[in-house]
Every structure is written in C-alpha cells, then in structure tokens.
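Q: One letter stands for each residue in the lines below.
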Amino acid sequence: EAGVAQSPRYKIIEKRQSVAFWCNPISGHATLYWYQQILGQGPKLLIQFQNNGVVDDSQLPKDRFSAERLKGVDSTLKIQPAKLEDSAVYLCASSLEPGGYGYTFGSGTRLTVV
Amino acid sequence: AQSVSQHNHHVILSEAASLELGCNYSYGGTVNLFWYVQYPGQHLQLLLKYFSGDPLVKGIKGFEAEFIKSKFSFNLRKPSVQWSDTAEYFCAVNARDTGRRALTFGSGTRLQVQP
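If you read the sequences in order, they're chains A and B. Residue 47 in the working numbering sits at position 47 of the first sequence, and the numbers go up by one each step. Residue 87 in the working numbering sits at position 87 of the second sequence, and the numbers go up by one each step.
Hints are computed from structural coordinates only; laboratory data are not their basis. Just so you know, not all the hints are guaranteed correct.
Short, incomplete list of chain B residues facing chain A, as computed with Cβ under 10 Å [claimed, not checked]:
{"no.": "1", "residue": "Asn-8"}
{"no.": "2", "residue": "His-9"}
{"no.": "3", "residue": "Gly-41"}
{"no.": "4", "residue": "Gln-42"}
{"no.": "5", "residue": "Leu-46"}
{"no.": "6", "residue": "Leu-103"}
{"no.": "7", "residue": "Gly-108"}
Where is the CB? At the ideal position from N, CA and C, for every residue including glycine.
Generate coordinates for the entire structure from the input sequences, incorporating the hints supplied.
A: What follows is the structure, given as structure tokens:
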C-alpha cells in the first residue's frame, strides 16, 4: 500500500512569513495526526482529526497555526506568521481508527525559519 | 495527561554488545505502549507494541520490551546489536481509557553502534 505522502520535503522561510504543508494519508484511514518534532526532541502532537472533525487540538498554537482536513482525506497545516522557534520537522501520520493501532508516518517536512 | 521519559539521550555501543534503553511513563490509568525507530533519513517505524497480556513483547529485528506495571516502565532490549541498528529510538504511550488516543512520545534515544 502507498504510504503517507507529505510535501514539500524541505522549506526555508523568513520569520513572519507564512507557510503551508500538505498531507495525503493512506487510503481509508479515518484518523490523521500532525506532529511537530523539534531537533533533539520527540514528536509532539499538534492536532488529531477523525474524518474531517477535530478530536484534539489542545497543543496547537491557534494564534498562528491552523489545520484543516476537508472531505476527510487530505490535510493542510498552516503557520502564519512563522517564528524562529517553529523550525522543526512536521510529521503527518494516519491510522484506520483512533489510538496507537496501525499508525503510519510520512517522511515529514523540514521547516527552517530564518 | 500522560508523559514519557527516556533518560538515555545518546548511547554508543560496539557491535555484539547488549542493549537496554529505558522508558518510563506517567499516567494513572491503563495504557498502550510502543517503541518506534527512526533510521537515518527514514520515517518513524513501529518496532513493537504492548496492549495487554504477556508483559514481554517481541518485535521486529530481534528487539523485545518488558512492561513492568509497578515501575511504570517499558524498557527496550536487544541481546546483540548490529551496526544497522544505528538509529533514534522513541518510546510512546497512549491512554486507553480516555477519548484522547493520540500517541505521546518520549524525547528519544540516539543509538550509535560502532563496527
């Protein structure tokens, strides 16, 4: 089966600019997650979708981050405006159902804010 | 909310040495436990998982982990490491008894195996 697709692979922007990341989960996976992985740290959950509804966005900095999952398939994560501390790898993962069962991760988007 | 601690940030071993990576979690309820591995330049992959039953879990590539409920631990072990085991290892947990089911990860342990 095809994996979780993410694009772009790399992005360099200046602070205060905006940026968007795209994720296409595995076909049929109802649950989609966005994680932020800062260098030297483990992935931190930003948002969890079940189909096109938000299950958990408690750790999403909503003043600058937004995410949507229209039609319950693809998802985009946006940062506007970016700060230096947003430099990280943004990982998308999907699973058939909520929970730790059958998580599949994408390769991530490495964001550098200068 | 649950949390995960991995106290070994960087481990260097010679080939054939035995490996044990520590993982402790903090949560009062029932949990599922996982170990993920990230090889250089690759995405996170599942090594093994524990949901219930036998607390000694065997995973891929000769790895195993033991769940000790009284110690809130889920340490990863391998009797003899290979150079190809060089990677970053993440312990993760999710709470089974709440509606929030996303994984919470530890900070990771970078394993370097020298030939």
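Q: Are the hints correct? Go through all of them and say.
A: The hints, checked one at a time:
1. With a least beta-carbon distance of about 13 Å to chain A, the hint placing B/Asn-8 at the interface is violated under the 10 Å criterion.
2. For B/His-9, the interface hint holds, since its Cβ comes within 10 Å of a Cβ in chain A; the closest pair sits about 8 Å apart.
3. About 9 Å separates the beta-carbon of B/Gly-41 from the nearest beta-carbon of chain A, less than 10 Å, and the hint is met.
4. At its closest, the beta carbon of B/Gln-42 sits 8 Å from a beta carbon of chain A; the interface hint therefore holds under the 10 Å criterion.
5. With a cut of 10 Å, the hint placing B/Leu-46 at the interface with chain A holds, because the nearest CB-to-CB distance is about 7 Å.
6. The interface hint given for B/Leu-103 holds, since its Cβ lies 5 Å from the closest Cβ of chain A, which is under the 10 Å cut-off.
7. With a cut of 10 Å, the hint placing B/Gly-108 at the interface with chain A holds, because the nearest CB-to-CB distance is about 5 Å.
Violated hint for the displayed structure: number 1, the only one.
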